[in-house]
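Sequences listed follow chains X and Y, in order.
When we follow the working numbering, the leftmost residue of the first sequence carries the number 1, and every step to the right adds one.
When we follow the working numbering, the leftmost residue of the second sequence carries the number 1, and every step to the right adds one.
Treat the hints as calculated values from the structure; they're not laboratory data.
In this text, a Cβ means the ideal position worked out from N, Cα and C, and glycines have one as well.
Check each hint, because a few of them may be wrong.
[Claimed, not checked] Output of the computed footprint for chain Y on chain X, the stretches with three or more beta carbons under 8 Å from beta carbons of chain Y:
#, segment
1, 104-110
2, 144-150
3, 257-264
4, 287-299
Next come the chains, spelled out residue by residue.
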Amino acid sequence: MLSRTASDLFWMSRHVERAENAARMLDITYRMSLLPYQVLEPGQEWAEPWSLPLITSGLATAYYERYDELSADNVINFMALDAGNPSSIYSCLHSARESARAQRGAITSEMWESINATWIEMRSMDFPALKAIGIGEYFELVKMRSHLFRGITFGTMLRDEGYSFIRMGTLLERADNTARILDVKYHTLLPSVFDVGGAVDYYQWGALLRSVSAFEAYRRIYRDIIVPRRVAELLILRADLPRSLHACMNEIYDTLQQLSDSRSIEPERLAGEMHAQLHYGRVEEIFAVGLHEYLMAFVQKIGKLGGEISNHFLAPT
Amino acid sequence: MPATDYYDEMRPAEGEVRPHYQVYESWLAAMPPERIRQKRNEADIAFHRVGITFAVYGEQTGSERLIPFDIIPRILPADEWQILESGLKQRVHALNMFLADIYHEQEILRAGLIPPEKVLQNSQYRAVMQGVDVPGGIYAHIAGVDIVRAAGINGNAGEFYVLEDNLRVPSGVSYMLENRKMMMRLFPELFVRQRVAPVDHYPNVLLENLRSAAPQGVADPCVVLLTPGAYNSAYFEHTFLAQQMGIELVEGQDLLVRDGYVYMRTTRGPIRVDVIYRRVDDEFLDPRVFRSDSMLGVAGLLDAYRAGHVTLANAVGTGVADDKSIYPHVPQMIEFYLGEKPILQNVPTWECRKQADLDYVLAHLPDLVVKETHGSGGYGMLVGPAASAAEREDFRRRILAEPAKYIAQPTLALSTCPTFVDAGIAPRHIDLRPFVLSGKDVKVVPGGLTRVALREGSLVVNSSQGGGTKDTWVLESC
């Protein structure tokens, strides 16, 4: 497969996943903002629910360059609709659609029609239009379009190299996002650890789980109140939760093994190392290191892995 | 010109229907207008969703537009198609022989049939191709020949004429295929009522031809399609064809030349390329040989090509055969190379480099269409009847300054076909571009791209100037 093709496919799925994750984060923030527990630490802006999606995505600086104050409308505008923000849902879906257009020949026509239809729907969406269909409904729509695209990919695409790069784009982005979301929430939610079992605590941790579609899974697995340690275990170490770090690394490692040849030893080695840590890791050890330190190290490694994959497959020199 | 002076593809006269349109006409007459409107909307939505668009130059980068699609097909009866088909094969065969000849022995020049300077001084003549052998002696693997049916030439009621031979990088075939798909999706019942010759095997025939054009000794050739990129107006077609043929769609940046061979950069390292179906013009193919500022080509490609290590389709230098100054000689080529009478006629053409022709042209400017020999796409053209006196005067001066740069043709009364317009169904002028594929033999998929001038009275069918397309049906004889 052409390196340029592999690169476009990788970024296509990565951008769709990024749009979905942005929608998930905004959706959960929106829901939390409807609760009567908005400000955890009065006077501390970083604890405002609407700052969380900005901090998680590393977009706070860019946001304050464009907007003066933190408000729901501004954050939604910036992260969902702003064409000037390369990580907005709008920009991600545009990039994904352009990659798909460049590689129409390498994906199935159903995939192309799906992403193109999504783009046609999204490109004309402004804030009044978004309000008109409903903020929650809009995020739901973005999520469903991402599900649909992934489902069509799963159901129609030849299991060739292109498929492998599409999966890797999705999984790298997802692993990165899950790690960031857990880290930021954990930091923000820390004060409430002293109030375990309280209503605020329940909603906050519940929201975190919902944002990665893990709330129901938590209930099924633990059948108990939500405690941070178990949330961390679920989202980091459980191999059977599709958005956990372990689940993502399982598939990334398998995929890299299939793709590997004599030239791609380094990405495979790095993925294997990360995979082994998750496969054989224990939650006690993670907390001994410090959850924040652990997650930041992971985010750094996943970034490095992305770079190695790019060097070896997508843009070989 | 009154409407009755045009040949209408469906109606020879008001209230009458040609035999090959009868099945369709009775179906259309029974269709409620509401349902037709709904189907037209459906087609629009589907084309947008599928993304069958063309990029528009000069507008905002990357803007895409839909080419209007008309749901009334252009229908050709089997007997007319047979004439067209054999005429097209004959013509393209001769054109390929002409190209092989001028890049080798130049017998046609030595025989005095064509003034040598017309070929050798032609901007489309590529000296780098002199003496280079190409596989099978085929230069134009893909030709898109523009055909018009016109009334009034030499008293004819509605003969086919060849307007132009496109032998460089002809486009439009994806619309032929997508229009058919759309018609079958919208009106499956029509295809039950009569037998329409299928067209969707075109990519198969093309791929087979491209593979057969591989350099000698390559058992399982690697074929790729070279595109200028996603902002080219025909990019949709490039992706479409690559996908249909299951070949890689490459850009210049994906290819490299090493030790005289061409490779593409892949996730598994460099892989050798044997045949390049290139949709990039000659001038941009190799910055070392042609335009050095080209970002679309591959440095060293021409050396690999001349060494016979890779095949380009179409070959380099085909433009010299479809140039307007060479066009008047195609009937002579057919007789010279094949010893046959041309089946399809040329449009009568006056060459201003000849004194008698020049006198005629200057005396009849208001009736003629004057074209620059090297122009294309409607540039550098005078449409006499539509031009102002001042424009004609300006052109007269330009012709007199450089007569050899101009040819003239009668203003053609292009045939019309009923078409949906805002006011309902009305006749609009059309042309036809069938696609001729040359490999071990010459094949024409039955049909082509029918373009229609949607503006009333307009004779300009170009999509960049408000033209639309129609599905083209060749009826199979029963």
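Here is how each hint holds up against the structure:
Here's how the segment 104-110 of chain X fares: 4 of its residues keep a CB closer than 8 Å to some CB of chain Y, so the rule of at least three is met and the hint holds. Figure legend: the segment 144-150 of chain X, annotated as covered by chain Y; annotation inconsistent (0 residues with Cβ-Cβ distances under 8 Å, at least 3 required). Chain Y is given as covering the segment 257-264 of chain X, and this holds because 3 residues of the stretch bring a CB closer than 8 Å to a CB of that chain, at least three being needed. For the segment 287-299 of chain X, the proposed coverage by chain Y is not satisfied: 0 residues have a C-beta within less than 8 Å of a C-beta in that chain, short of the threshold of three.
In summary, the numbered hints that this structure violates are 2, 4.
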